[in-house]
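2 protein chains.
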Amino acid sequence: MDANRIWKAALVVIGDEILSGRTQDRNIAQLASWLNVQGIRLAEVRVVADDAAAIGEAVTTLAGRNDYCFTTGGIGPTHDDITVDAIAAAFGLEVVVHPRARAILESYYATRGGLTEARLRMARVPAGATLIENSVSGAPGIRLGAIFIMAGVPHITAAMLESLTGTLEGGLPVVSRTLGCWVGESEVADLLREAERGHEGCQIGSYPFFREGRVGANFVVRSVAAEAAERCVDDLAAALGALGHETVRGGI
Amino acid sequence: MDANRIWKAALVVIGDEILSGRTQDRNIAQLASWLNVQGIRLAEVRVVADDAAAIGEAVTTLAGRNDYCFTTGGIGPTHDDITVDAIAAAFGLEVVVHPRARAILESYYATRGGLTEARLRMARVPAGATLIENSVSGAPGIRLGAIFIMAGVPHITAAMLESLTGTLEGGLPVVSRTLGCWVGESEVADLLREAERGHEGCQIGSYPFFREGRVGANFVVRSVAAEAAERCVDDLAAALGALGHETVRGGI
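These protein sequences, in sequence, are chains W and H.
Just so we're aligned, residue 1424 is where the first sequence starts under the working numbering, counting upward by one.
Just so we're aligned, residue 1424 is where the second sequence starts under the working numbering, counting upward by one.
Isolated chain W (complex conformation):
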């Protein structure tokens, strides 16, 4: 096994509410942060409408070229929740009621009006799938091989990720070190490029901002090698210092 192998994941965000601007997505950032800790890199994301063909195309393409593919949204009880059917159709699988999902929902709704036909929709999975625990609201997420079908409501997504923590094979976690500086990034562009070239395995991102009437930037060094990232930040701070720019570890 290659210890330096980079494990990659993709995310398909499903929902008209994101594309209409009604809802601000929070699952991209949430999944990205969680994946970092698992040693997996979020490589690409697609946001698609509540449309079976669009969901199927996105999931088959991204699952085919990444180690893992996550989806968020469209697994509730209403008519606009079509994720399970769309993914099953894309892979030529039947949709079946998962017995344990049914039992979980029966128990959850026992004191909440009972398991209606609409609620039973949330026990439907592509044939062969297993469940992802949901400690918050009963209805489980679904795992189909390397595809993870999760809820769209961020705190429910969080509960499903929590139950997956530590269960996925990954590589070395990416560490990031941030250096803040009250300087216009265009003044130090050459210096940044050279710092990146001089530290193998490190990537430097430059994120400008405008605050308190002044321009500044945070420079973020990312690497799977923590020591290399530290050295890169040290050298960058020294180079900026030599030009008279003070820097702030951890960012501004």
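Among the hints, erroneous ones may be present.
The list makes no distinction among identical chains, and a pair is therefore deemed to hold if it is satisfied within one copy or across any two copies.
In silico SDA-like links for lysine to any residue, alpha-carbon gap of 20 angstroms or less [as the list claims (entries may be wrong)]:
| # | residue 1 | residue 2 |
| --- | --- | --- |
| 1 | K1431 | L1591 |
| 2 | K1431 | E1480 |
| 3 | K1431 | G1639 |
| 4 | K1431 | A1476 |
| 5 | K1431 | D1474 |
| 6 | K1431 | A1472 |
| 7 | K1431 | A1475 |
| 8 | K1431 | G1444 |
None of these hints come from the bench; they were simulated from the model.
We have chain W; now place chain H onto it with these hints.
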């Protein structure tokens, strides 16, 4: 011309900072809301890394199947800003310095240390492109046919959209009407499905929430026909009322 034609746009969000979880994207929701007013529907979004091949693939695919394709991010002065080069390469175009962009930057930086080599990078465009005004920070956006290359910092993106307002051909704007109700969506799933079926051209989205210890949902009716949306909301409110559920116009 078909008055009912639906105009579609796509967005490519470019940047490691989004995929690493460091930065919460705000441009998807911002662009979606702006497009609604222009009578254009945001049909799909991709988030890609600072990687020329990934940017090129996303932009050529999405520009090819939508009326408009927008990008955000990667047009600053630093080494990780590769959007212009990636798009030019994907379409087999040279990168040239745009004379008016150069003049804008010369003027902007006249009192800010002058136009350095790094800053001049922000005047580079794919051959044949025109500029998108940026009233906030000088460096313009770029229009290449139906492709709109914009900044990643949300308030600069906003300034670029502002200068494009009213200039793009679109169709009827989508109106949305929201009805809030303290009911679990699974209790009224059938009713929602029937309301959508009974009102042609209307789509109903169901967005559950948990607040103040109670479950509720907002039902959002979307249509290009304002009257149809109103009728659909009226009928939905009446149907929920008949089951004893009070509703709140405008949502909860």
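Structure-based check of all given hints:
Proximity of K1431 and L1591 under a CA criterion of 20 angstroms is satisfied intra-copy only: 11 angstroms inside one chain copy versus 38 angstroms between copies. In this assembly of identical chains, the alpha carbons of K1431 and E1480 lie at most 20 angstroms apart whether taken from the same copy (19 angstroms) or from different copies (18 angstroms). In the homo-oligomer, the alpha carbons of K1431 and G1639 never lie at most 20 angstroms apart, since the shortest distance is 32 angstroms inside one protomer and 37 angstroms across protomers. For the identical chains of this complex, K1431 and A1476 are inter-copy neighbours only, at 16 angstroms across copies versus 24 angstroms inside a copy, given an alpha-carbon limit of 20 angstroms.
For a Cα distance limit of 20 angstroms, the shortest separation of K1431 from D1474 across copies, 15 angstroms, qualifies, whereas the shortest one inside one copy, 26 angstroms, does not. Taking identical chains as interchangeable, the C-alpha atoms of K1431 and A1472 lie at most 20 angstroms apart only when they sit on different chains, with a minimum of 12 angstroms there against 24 angstroms within one chain. Taking the shortest alpha-carbon separations for K1431 and A1475, only the inter-copy value of 18 angstroms comes in at or below 20 angstroms, while the best intra-copy value is 25 angstroms. When the C-alpha separation of K1431 and G1444 is checked against a cutoff of 20 angstroms, the pair qualifies only between copies, where the shortest distance is 14 angstroms, while the shortest distance within a copy is 28 angstroms.
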